[in-house]
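Listed below, chain by chain, are the residues.
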Amino acid sequence: MTLTPYWFFVLSAFLFSTGVYLAVTRRHAVAVLLGTELVINAGILNLVAFQQLYPERMDGQMTALFAMIAAAAGAAVALAIILNLYRNFRSGNTPDSEELKG
Amino acid sequence: MLEALFIGFATLIGLAAAFMARTRNLVHAGFALFFLLFAQAALYVLAGAEFTAIAQLVVYVGGVLLLVLYGVMLTARSLGDAEPQTGVFQQWPAALLALGLFILLLAAFPPHVFERTAPIAQSARSLPSIPHAGAAEATGFELLTGWLLPFEVAGVFLLVALIGAAYLSRHSSETP
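Chains as they are written, first to last, in the working numbering: chain A, 308 to 409; chain B, 759 to 934.
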């Protein structure tokens, strides 16, 4: 039994579905953000694992680095938006922001 | 040896993710995320990507996790254990959805898809003359040659995102 990229793939599938579960069930916007971070991390884990199939190229690892940069920028902007949500509705829970609800 | 290390860190990741899915305390979820990201960096080292592991520690553990904890502090009504900070709704349909996604992913990529791949421990050592793909030297060389344009664009993108985040989180009374 040797360590193959398939092991990483199974773990990242588990991380992905847990992240989807978190993002779908939670009411607080920060918890939804936590769920999306898990999903992004599952993707990055796959990129790093599949890099091993092509050791002569570095595309997987480079894409992983840029995905990390994009995720960090996304988290910063998302938290600014959550902060505004909290200021406008006095609550961080997503169901409370229902001003546009018809 | 590698397999035992992988199983250990994967168990840590699984436990942390399951705890995050269970708890209603956002601070506890943040600390579980800390362990998860740390174990993930260890897995990157196992996969032969040392530079990505360090970047994971600096960017995720040092940056994103801190941002998330600040977000909890600024927006949660209470930080104690007395009341849940986040409600949950539609748990069972969501659990079914997550389970279905997991099974779908495993069914879409059966193990024989990966059969032709070399074991990781060997493939990481398959380039004797130059440092292997995960080493910092090879990463830096690749960043400043083949990936120079995305590298520069990512720098400008980060600047724009940070200015935008700072502008968005200004107090609304200061906006004209």
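Hint data in this document are derived by calculation from the structure and do not stem from the laboratory.
Positions of the beta carbon are idealized from the N, C-alpha and C atoms, including for glycine.
Hints should not be assumed to be uniformly reliable.
A few chain A residues facing chain B, derived, Cβ under 10 Å [claimed, not checked]:
(1) R334
(2) A338
(3) V355
(4) F373
(5) A380
(6) L390
Quiz prompt | Enumerated hints in conflict with the structure, sorted upward | solution = Going through the list in order, the structure violates no hint and respects every one.
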